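Those sequence lines, one after another, are chains A and B. So the first sequence is numbered by our numbering: it starts at 535 and just counts up by one. So the second sequence is numbered by our numbering: it starts at 6 and just counts up by one.
Careful, some of the hints might be misleading.
With a straight-line Cα cutoff of 30 Å, these simulated DSSO-like cross-link-like pairs (lysine-lysine) come out [to be verified]:
| # | chain 1 | residue 1 | chain 2 | residue 2 |
| --- | --- | --- | --- | --- |
| 1 | A | K619 | B | K301 |
| 2 | A | K756 | A | K772 |
| 3 | B | K307 | A | K830 |
| 4 | B | K301 | A | K830 |
| 5 | A | K596 | A | K772 |
| 6 | B | K307 | A | K883 |
| 7 | B | K114 | B | K301 |
| 8 | B | K124 | B | K114 |
Simulated from the structure, these hints should not be mistaken for laboratory data. Computed from a prediction, not measured in an experiment: that's the story for all the values here.
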Amino acid sequence: MYRLKVTNRDNITKTRSFMTNVFSLGAGLVAIGILFAINKVNPFFAISEIFANSFGTMYGIKETITKAIPLILIGTGLTFAFRAKFWNIGAEGQMLMGAIFGSWTALTFGEFLPGFIIIPMMFIAGFIGGGIWGIIPAILKIKYSINEVISTLMLNYICAEFITMLIVGPWKGAERFGFPGTNDLPGSAVLNVIPGSRIHYVTLIITILFASILCVVVYKTKFGYEVRVVGENPDAGKYAGINFFRTTLMVMVISGGAAGLAGVGEIAGIHHYLGHPASISSGYGFTAIIVAWLAKLNPLYTIISGLFFAGILVGGDAIQISLGLPAATVQIVNGMLLVFLIMGDFFLKNRIRIQ
Amino acid sequence: MEDIIISVLQRTMIAGTPLLLATVGEIICERSGILNLGVEGVMSIGAVVAFIVTFLTGQPWLGVAAAIVAGMIISLVHAFASITLQANQVVSGLALTMLGLGLSGMLGKPYIGKPLAIKMNSFAVPFLADIPYLGKIFFDQSPFFFLAIILALVAWFFLERTQFGIKVRSTGENPTATETHGVNVSLIKYTCVLIGGGFSALAGAHLSISYSKSWIEGMTAGRGWIAIALTIFALWNPGKAIFASFLFGGIFVLQYLLQPLGISPNFLAMLPYATTLIVLLIISFKDPKKLNAPAKLGEPYKRGER
Numbered sequence: 535m536y537r538l539k540v541t542n543r544d545n546i547t548k549t550r551s552f553m554t555n556v557f558s559l560g561a562g563l564v565a566i567g568i569l570f571a572i573n574k575v576n577p578f579f580a581i582s583e584i585f586a587n588s589f590g591t592m593y594g595i596k597e598t599i600t601k602a603i604p605l606i607l608i609g610t611g612l613t614f615a616f617r618a619k620f621w622n623i624g625a626e627g628q629m630l631m632g633a634i635f636g637s638w639t640a641l642t643f644g645e646f647l648p649g650f651i652i653i654p655m656m657f658i659a660g661f662i663g664g665g666i667w668g669i670i671p672a673i674l675k676i677k678y679s680i681n682e683v684i685s686t687l688m689l690n691y692i693c694a695e696f697i698t699m700l701i702v703g704p705w706k707g708a709e710r711f712g713f714p715g716t717n718d719l720p721g722s723a724v725l726n727v728i729p730g731s732r733i734h735y736v737t738l739i740i741t742i743l744f745a746s747i748l749c750v751v752v753y754k755t756k757f758g759y760e761v762r763v764v765g766e767n768p769d770a771g772k773y774a775g776i777n778f779f780r781t782t783l784m785v786m787v788i789s790g791g792a793a794g795l796a797g798v799g800e801i802a803g804i805h806h807y808l809g810h811p812a813s814i815s816s817g818y819g820f821t822a823i824i825v826a827w828l829a830k831l832n833p834l835y836t837i838i839s840g841l842f843f844a845g846i847l848v849g850g851d852a853i854q855i856s857l858g859l860p861a862a863t864v865q866i867v868n869g870m871l872l873v874f875l876i877m878g879d880f881f882l883k884n885r886i887r888i889q
Numbered sequence: 006m007e008d009i010i011i012s013v014l015q016r017t018m019i020a021g022t023p024l025l026l027a028t029v030g031e032i033i034c035e036r037s038g039i040l041n042l043g044v045e046g047v048m049s050i051g052a053v054v055a056f057i058v059t060f061l062t063g064q065p066w067l068g069v070a071a072a073i074v075a076g077m078i079i080s081l082v083h084a085f086a087s088i089t090l091q092a093n094q095v096v097s098g099l100a101l102t103m104l105g106l107g108l109s110g111m112l113g114k115p116y117i118g119k120p121l122a123i124k125m126n127s128f129a130v131p132f133l134a135d136i137p138y139l140g141k142i143f144f145d146q147s148p149f150f151f152l153a154i155i156l157a158l159v160a161w162f163f164l165e166r167t168q169f170g171i172k173v174r175s176t177g178e179n180p181t182a183t184e185t186h187g188v189n190v191s192l193i194k195y196t197c198v199l200i201g202g203g204f205s206a207l208a209g210a211h212l213s214i215s216y217s218k219s220w221i222e223g224m225t226a227g228r229g230w231i232a233i234a235l236t237i238f239a240l241w242n243p244g245k246a247i248f249a250s251f252l253f254g255g256i257f258v259l260q261y262l263l264q265p266l267g268i269s270p271n272f273l274a275m276l277p278y279a280t281t282l283i284v285l286l287i288i289s290f291k292d293p294k295k296l297n298a299p300a301k302l303g304e305p306y307k308r309g310e311r
């Protein structure tokens with residue numbers, strides 16, 4: 535009789551880690567293909583269409599980069615929170631709060647100020663908004679030991695209702711002819727795009743800078759070290775005198791703030807007004823969780839994993855229309871890939887032998 | 006006035022039913038030490054499967070049975086990842102939610118907006134339903150209501166008063182010691198995750214074939230997440246879950262009750278979520294030792310490790 539023997543793997547090389555991710559994604563795509571086949575859609579055609587539409591054409595690449603901006607920005611922030619084992623599921627709400635703060639700044643001061651003043655103000659306001667919405671669950675967790683998964687999620691729902699309340703009520707714009715939404719942002723508050731695309735490059739630059747800075751912070755600073763200790767070995771951290779409250783607050787300011795920046799980018803770069811929450815974010819805050827996980831919680835790698843999942847969003851949208859698949863397709867693809875990524879981690883951490 | 010109060014209380018019971026079912030399921034699961042954040046996804050699967058089967062066969066109870074089976078099957082994903090592969094339970098649960106919401110959207114697409122010809126009729130308990138006031142509120146209800154209360158009491162009895170319950174609880178408290186007593190810890194955990202999945206699916210079935218009699222994407226509307234919070238509020242006790250769930254059912258109903266007063270409907274829609282936070286805040290002032298949380302909740306268990 536054969537038995538499976540599972541032992542810990544001591545040395546995990548970068549190559550092995552990378553190959554495990556590639557194999558996990560491959561296995562996930564096979565599983566998704568089977569689901570397509572059950573739905574009477576040719577799996578090879580559907581999956582190749584996803585990538586052809588996202589990375590195969592110039593238009594697709596531009597759209598992929600556009601959607602990668604919020605995913606990378608939020609995902610980078612989440613790597614920080616997850617490293618500290620703070621399960622921030624509330625990036626969606628933090629992003630929306632950033633959008634609220636950013637739009638308010640633009641609508642209030644935008645008319646009197648030139649772009650180079652108002653645009654930085656909006657991003658700062660968005661960072662503050664997202665940061666505040668991120669700090670609340672941090673305080674609730676450290677001071678009142680309230681599970682952050684629950685609190686961040688509840689804050690998502692609350693923020694979405696709050697935006698709707700604003701745009702059908704006090705913030706409702708006269709230009710919208712009765713439809714919910716604020717007036718258009720003043721021209722100086724609108725971000726320029728690369729001609730012929732929707733890529734708002736200011737946010738793209740912020741995104742890449744943010745990811746690079748966080749990468750340095752995680753690996754090269756005392757604060758980054760403290761964050762890793764809080765997550766990996768809290769008992770040792772307490773002995774070493776790390777201030778858990780302060781570290782967690784900082785982590786959530788960064789994580790929530792990053793999501794807030796993404797919210798401002800979407801409003802100022804794409805929509806140009808504050809509209810219905812579901813139109814501002816098509817679940818970026820949740821997809822970014824997988825982005826962070828695929829990046830193995832390395833802020834810089836989120837650039838690659840963010841582009842990958844942005845491609846799936848763009849390609850998924852395309853095949854929904856061409857193959858008549860439901861809107862939930864992208865969610866299935868995301869969920870399935872996440873399942874396989876977690877399973878892959880097991881084979882990365884353990885060696886399995888048949889005896 | 007009397008009619009309004011009776012109708013409000015009646016609707017409170019209906020609104021609390023799916024919360025109770027899902028909460029009891031999560032309590033069973035968490036008592037064995039597994040945190041399952043997939044409730045929302047499994048509930049959604051239960052809702053869509055119950056609807057489709059009832060729609061096609063005209064048999065609501067067949068729909069319920071199918072939903073429970075489907076809920077257990079999809080929960081296997083979380084069980085396998087968190088028990089056999091010792092994966093991070095937070096991430097695995099989130100994956101289950103995404104997968105459940107996605108799959109239910111795909112399965113249910115052809116059925117959006119189609120009304121159910123046959124619905125689950127309410128059931129009046131003989132004699133008891135004739136009691137003035139109380140009869141209408143408690144004894145003339147959807148069968149799911151009675152099912153939820155009975156299942157909650159049965160779950161309480163099993164967890165607190167039987168050999169099996171001791172095994173489940175000690176698995177959640179100290180799996181290593183439990184294993185040395187010859188209990189198959191993995192089997193207990195698998196059983197509890199699957200039972201929990203069945204409960205969540207049952208909650209979903211109530212939503213689609215009894216509560217609203219139709220299927221739309223996102224109809225679970227965060228109830229699965231509230232159930233996870235109610236698990237804490239109920240201090241992991243199925244008996245207290247009855248009280249907690251119907252309190253929250255009342256808050257769902259309060260939304261519609263306060264709307265005519267001119268309060269913004271979006272503000273009222275925040276109520277259940279804000280109350281969840283407030284309730285958790287109140288709980289946190291209790292002595293943590295009395296909270297009764299399973300000691301090894303959410304921690305992967307590895308055989309042969311101390």
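Subject >> Hint check against the structure, violated hint numbers in rising order >> reply: 5 and 7
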